[in-house]
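*Asks:* One-letter residues, chain by chain:
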Amino acid sequence: DAGVTQSPTHLIKTRGQQVTLRCSPISGHKSVSWYQQVLGQGPQFIFQYYEKEERGRGNFPDRFSARQFPNYSSELNVNALLLGDSALYLCASSLAGERNTIYFGEGSWLTVV
Amino acid sequence: AQSVTQLDSHVSVSEGTPVLLRCNYSSSYSPSLFWYVQHPNKGLQLLLKYTSAATLVKGINGFEAEFKKSETSFHLTKPSAHMSDAAEYFCVVSGGGFKTIFGAGTRLFVKA
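In order, the protein sequences belong to chains A and B. Residue numbers for the first sequence follow this note's numbering, beginning at 1 and rising by one. Residue numbers for the second sequence follow this note's numbering, beginning at 1 and rising by one.
Keep in mind that the hints were calculated from the coordinates and are not lab data. All values reported here derive from a predicted model rather than from experimental measurement. Among these hints, one or two may not hold up.
[To be verified] Covered stretches of chain A (chain B as the covering partner; in silico rule of three or more C-beta atoms under 8 Å from a C-beta of chain B):
1) 35-44
2) 102-112
[As the list claims (entries may be wrong)] Sample of chain A residues with no beta-carbon within 10 Å of chain B, all distances over it, derived:
3) I12
4) K13
5) V19
6) S27
7) G28
8) Q48
9) P61
10) D62
11) R63
12) S65
13) F69
14) L82
15) L83
16) L90
17) L95
Glycine included, each C-beta is placed from N, C-alpha and C at the ideal position.
Can you make the complete structure from the sequences, with help from the hints?
*Replies:* Here it is in structure tokens:
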């Protein structure tokens with residue numbers, strides 16, 4: 001079975017632009033969560049979606065938004081990019097909610113110049 | 001509220017010697033606890049998890065961790081380090097809401 005897949009793997013954007021990152025969960029997983037990992041730090045929780053509804057949100061500005069589709073895939077959108085948004089964006093999926101093991105994708109490396 | 005503290009930012013051991021990576025947690029709920037490993041430029045791989053069953057949890061690659069409620073700790077150990085164990089390790093707490101909290105990470109160095 002395929003694991004969590006993310007696209008694109010690497011991308012470079014200019015300040016002020018917008019970016020969309022995509023994630024496909026493991027088959028059968030209904031929960032998807034997003035994390036930002038800045039170089040040298042641990043992942044920071046951004047969003048969690050379960051059954052297409054937002055169930056949790058971290059301390060990120062409104063420039064960050066996400067959604068989950070009927071097939072449980074997800075997109076993370078970031079508007080008005082700042083240099084500080086440069087990071088590895090990790091998607092994770094799990095069977096259900098909070099206590100289930102989360103499985104991570106390889107991430108999308110975003111560089112803002 | 002939940003939080004997790006990894007007590008060492010860096011740990012250095014010699015190959016073949018024991019590994020101890022320390023993690024303390026705080027949770028208002030009965031937590032689920034995890035250890036993940038991240039090799040350079042890679043995603044996160046699950047090592048092991050505790051979800052209120054046995055307090056001594058065995059994971060992959062010879063790692064294990066013991067949940068101690070009285071000490072609010074979940075330290076990761078391995079009897080004998082291997083060069084391939086060199087990586088970043090994250091202690092994670094989950095529960096009491098749809099939010100998963102990562103520790104700051106411990107970088108493990110293994111010397112030949």
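*Asks:* Run every hint past the structure and note whether it holds.
*Replies:* For each hint, the structure was consulted:
Counting residues of the stretch 35-44 of chain A whose CB falls under 8 Å from any CB of chain B gives 5; the rule of at least 3 is met. Counting residues of the stretch 102-112 of chain A whose beta carbon lies closer than 8 Å to any beta carbon of chain B gives 6, which reaches the threshold of three, so the coverage claim holds. The beta carbon of I12 of chain A sits about 16 Å from the closest Cβ of chain B, which is more than 10 Å, so the claim that it is off the interface holds. Against chain B, the non-interface label of K13 of chain A holds: every CB pair exceeds 10 Å, the least being about 20 Å.
Look at V19 of chain A: its CB is around 19 Å from the nearest CB on chain B, clear of 10 Å, so calling it non-interface holds up. With a cut of 10 Å on Cβ distances, S27 of chain A stays outside the contact zone with chain B, its closest approach being about 18 Å. Look at G28 of chain A: its CB is around 17 Å from the nearest CB on chain B, clear of 10 Å, so calling it non-interface holds up. At roughly 4 Å from the closest C-beta of chain B, the C-beta of Q48 of chain A falls inside 10 Å, breaking its exclusion from the interface.
For P61 of chain A, the non-interface assignment is confirmed: its Cβ lies about 17 Å from the closest Cβ of chain B, beyond the 10 Å cut-off. No Cβ of chain B approaches the Cβ of D62 of chain A within 10 Å, the least distance being about 18 Å, so the stated non-interface status holds. The claim that R63 of chain A is not at the interface with chain B holds, since no C-beta of that chain comes within 10 Å of its own (minimum 20 Å). No beta-carbon of chain B is positioned within 10 Å of the beta-carbon of S65 of chain A; the least distance is around 17 Å.
For F69 of chain A, the condition that its CB be more than 10 Å from all CB atoms of chain B holds, with the nearest at approximately 18 Å. The Cβ of L82 of chain A lies farther than 10 Å from every Cβ of chain B, with a closest approach of about 22 Å, so its non-interface assignment holds. The beta carbon of L83 of chain A sits about 21 Å from the closest Cβ of chain B, which is more than 10 Å, so the claim that it is off the interface holds. A cut-off of 10 Å between C-beta atoms contradicts the statement that L90 of chain A is not in contact with chain B; the least separation is 6 Å.
Non-interface status of L95 of chain A relative to chain B is upheld: no Cβ of that chain comes within 10 Å, the nearest being about 13 Å off.
Hint compliance for this structure: hints 8 and 16 are not met, and every other hint is.
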